[in-house]
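A.B. asks: Here's the letter readout for the chains.
2 protein chains.
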Amino acid sequence: MTYLAPVKDMLFVMNHVAGLEAVATLPGFEDAGPDTAAAVLDECAKLNQDVIAPLNWEGDKAPSSFKDGVVTTTAGFKEAFKQYGAGGWQGVHHPVDFGGQGLPKLIHAACIEMVNSANMSFALCPLLTDGAIEALLTAGSDELKARYLAPMVEGRWTGTMNLTEPQAGSDLSMVRSRAEPQPDGTYKLFGTKIYITYGEHDMAENIVHLVLARVTGAPEGVKGISLFVCPKYMVNADGSLGARNDVHCVSIEHKMGIKASPTAVLQYGDHGGAIGYLVGQENRGLEYMFVMMNAARFAVGQQGIAVSERAYQKAVQYARDRVQSRPVDGSLNTAAPIIHHPDVKRMLMTMRAYTEGCRAMAFVAAAALDAAHAHPDAAVRKQNQAFYEFMVPLVKGYSTEVSLEVTSLGVQVHGGMGFIEETGAAQHYRDAKILTIYEGTTAIQANDLVGRKTARDGGATVRAICEQIQDTEAQLAARSSDAAKAVGKRLAAGRQALLDAAAFIASGAKGSPNAVFAGSVPYLMLAGNVMAGWQLARSLIAAEDQLAAGNEPDFMRAKITTARFYADHILSKAPGVRDSIVDGAAGVTEMALDAF
Amino acid sequence: MTYLAPVKDMLFVMNHVAGLEAVATLPGFEDAGPDTAAAVLDECAKLNQDVIAPLNWEGDKAPSSFKDGVVTTTAGFKEAFKQYGAGGWQGVHHPVDFGGQGLPKLIHAACIEMVNSANMSFALCPLLTDGAIEALLTAGSDELKARYLAPMVEGRWTGTMNLTEPQAGSDLSMVRSRAEPQPDGTYKLFGTKIYITYGEHDMAENIVHLVLARVTGAPEGVKGISLFVCPKYMVNADGSLGARNDVHCVSIEHKMGIKASPTAVLQYGDHGGAIGYLVGQENRGLEYMFVMMNAARFAVGQQGIAVSERAYQKAVQYARDRVQSRPVDGSLNTAAPIIHHPDVKRMLMTMRAYTEGCRAMAFVAAAALDAAHAHPDAAVRKQNQAFYEFMVPLVKGYSTEVSLEVTSLGVQVHGGMGFIEETGAAQHYRDAKILTIYEGTTAIQANDLVGRKTARDGGATVRAICEQIQDTEAQLAARSSDAAKAVGKRLAAGRQALLDAAAFIASGAKGSPNAVFAGSVPYLMLAGNVMAGWQLARSLIAAEDQLAAGNEPDFMRAKITTARFYADHILSKAPGVRDSIVDGAAGVTEMALDAF
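Residue numbers (the UniProt record's numbering), protein chains in the order written: chain F, 1 to 596; chain P, 1 to 596.
Okay, chain F solo, but in the shape it has when bound (with noise of 0.2 Å):
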């Protein structure tokens, strides 16, 4: 087994810190309690032990490959996509109207770490097709939800997402695509597309490209974008394939990582014009496809957790394998397998601190996203969303940033065997560094966390979520266990040092841009720091208790040792990023360009 599913710390998180229990009294909900996510994620976890995750060494040897317009995925992957599709994994929060079996974010969370610790490749399938499905949703008339949607929701049909031209990377206002309204409503797609993930494959029937392009005549930026749904094959009135579209793709990537998945560079419109449906109202399109890359880069963060899962096991598994030299205390008189090594056991604690604290976080603001959505009291919905928004960048910046840090140690546990292909750690390493690239960079996700979701309301969101760390602290004060004052140490001074840096970033947004924005990314990591330290901290008050009640001790004690790991050797970081952010703006601001 190269996988092996992190059911029963899941369960933890969901059941003890991310608050399971109330997410199944919202209304729509009332099946999803604790019973049936532990059903639904033993069923997922066999399918991804089992089928998916011995595919993911195979798409790296054999990734991929385009010949003449056409693109064959490695072998199996076809099939399993069948099988992922057929037991219903590509619509498990989707809506039971369209096909899907309506379950929380939270759950879903679980079930789409999983398939990314099995294998990111394949992955990034039903990942981009969800965001297709959460954009019909959000802005599709009525009759393109019915064409489209079901096929999608059951895994016959995969979704893409069409946003960067060669000119246009994170600068989405530079977008030249353009779409000729004609006569019957439809219109023409013109223009080339690059970075598509599964842009073009075997694995489904049909791929409903969502496209963003300017209709003639439309204003200059991003206020001039609209968003189109462009199939590979037309779809007839009964849900038949007509004609193909003219969507073509021209070539694929040769990428460090994720060799597996095709990254599409397509081109519209060659031979005459790619029929195109508008999505909403026209020159909205940036606004809808938000929608999806809100989603998509909650997915892409927890992408990272699940490589850095997976690198852990791995590294856990050779770390117990291999003997070499004997232990520092003396305690054995022969070579000893390098885990009993304190600096082995310390690598392998900070890749499992890393893991459990970025998923503590992203399940916390799963579990707020479905209070957001299915809350019955406005107000409390309203809290939820905007806490949920504070963390997407986070979730997304925080946790692939770490992930490189984490996939490396993989690969340094393992010494030389790390660096030799067939061993596979190195694998793991090398798909990581896409992570903190794509749905937008960890500057862009700062800019967001700066712009959007600091600077706007005044830090009043980060100040309030900082209050509910103040209790958490009291709670923790209130314990007589060494772990837990040490964790409420580190966690005082984390939420002291994030204050001082939101402080600034609030302050100066308007002022001093330059200042704001050269700390901007060490705003990020700090604040990621903090919020996955605090969800470990409240995760040690939930295993002193259920250690207090006698349940599973061994994996409570160690719950609570990984708290305390992160807490000195992790979340002690945050006073020195914060001076980074408060004085080291004249480090950048004063570097002449030329000088570089």
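Simulated from the structure, these hints should not be mistaken for lab results. No experiment lies behind these values; they were computed from the predicted model shown.
Same chains, same label: a pair holds when it works inside one copy or across any pair of copies.
Cross-link-like lysine-lysine pairs, in silico, DSBU-like; alpha carbons within 35 Å at most: (1) K485 - K8; (2) K8 - K382; (3) K510 - K485; (4) K489 - K510; (5) K46 - K78; (6) K223 - K145; (7) K188 - K82; (8) K61 - K78; (9) K8 - K489; (10) K223 - K188; (11) K46 - K8; (12) K510 - K223.
For this one, chain F is given, so just place chain P on it according to the hints.
C.D. replies: Using the frame of chain F, we list chain P on its own:
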């Protein structure tokens, strides 16, 4: 031009930070002053920029290949190595008696950085040859020296280090290769060696393997290991080549990076025994090997600096060319080159600050080695030797660990393009990952730092260094600039953090080894951070003085800003790391091994 040697920065460090003029007062180095250094560096830059750097990406695309025992290197490598040898670059710091140029280590350090920036895979061949030369100079008989050294120094023959075996990686006590004494005074070698860099290739007429093995009947453990010379082709008395020796390459590895550098599995003695010659005395092999390992560790640290410099240059180039988004300060009303964006500047400054800090640290250590070897006063030699030995694990461990972050940022600056292999940024990221592993992992460097370099003298060396740092703090305090004040504040806090950590390490190494070694790598990172920050603080002082004198104001201002950036963004982490070391043991030691 894909690489421009940073000659100006190198000469600044040599002249104003590492004390080249003082080195040039040492016996034997009288001609090695600033003018010589400038001339040597200029010549060295030409070869590396024009000939060796362009082969770097070629080597990644078309790595060394293996067929029927023969390794064929990337097209162009053989010719480039001929030029390298003919230019005298293999012999820069080796004795004139054997055909070398006899220049100081300080000048050699600059040359080694350049060839590694140009092409890390290529540079490994001379790097290992240097190590073999060192070992023969240290312990070889006059006959061995006479027969082997000159062709190696000339670059006609190359050298290898054969330590690792499948069961003996970090733990050399497990070496099993055996050596049977022969009546003629030679030995027959039998065994398998793995991970042998340039263990087989087509770039030289002969390969001189230095091999660790046990003489029949030798004691168990590290005290029964001897060192042998084992040439690929036997060498006749007149220096001509004779029969093929019984050492054969049976495969090369499929690696994540440094793909052009062949990593061989070597089989000794499958056809009757490989003829070997004892180096020095029996059972003292590990001691001799440490001589070449220290040189190699220092050089691997320089590889970290070198790949960081190359990644930095590439990122700066891209950031100047790529146009995307308007500046946040509204200074331009159109999209700007991304180097205008504060976070891109922050990333570039991070890359630059790490690179310049580690370069200054390495050059200062190299100058200390020159004094340790050549100073007429024994007390000065001893003091410099202690300083150098303290620095070796830092140059190796810190410079390579930070190169992972620097090369990762190099990819990040390129955005999506960075993940596409043809861009070239990804190669540096993949190449760098071996640096924290080979020639002793970071944990092995940290063990050395904790055990031999800190605990053994009760922290005396580190305290003596910290007194020197206090002198620098006093000089900074006497200055009026904001930059000097900012750097002085961080340096003082960093120095205190290092003292606290060293006291914890020195006092606990015997009684609480698990707690101390749980903090060993953080201690290494803390010490490296403070040492590099200190040298940049000294650079700032020198640059302010030069600026006051009107010398190269743009360069000097950039130097000052880089030092300030390092202090506020990197050195500012020091107190947090101290906390991890001093308070963080429980998070490691309390974790049950079964709980992972």
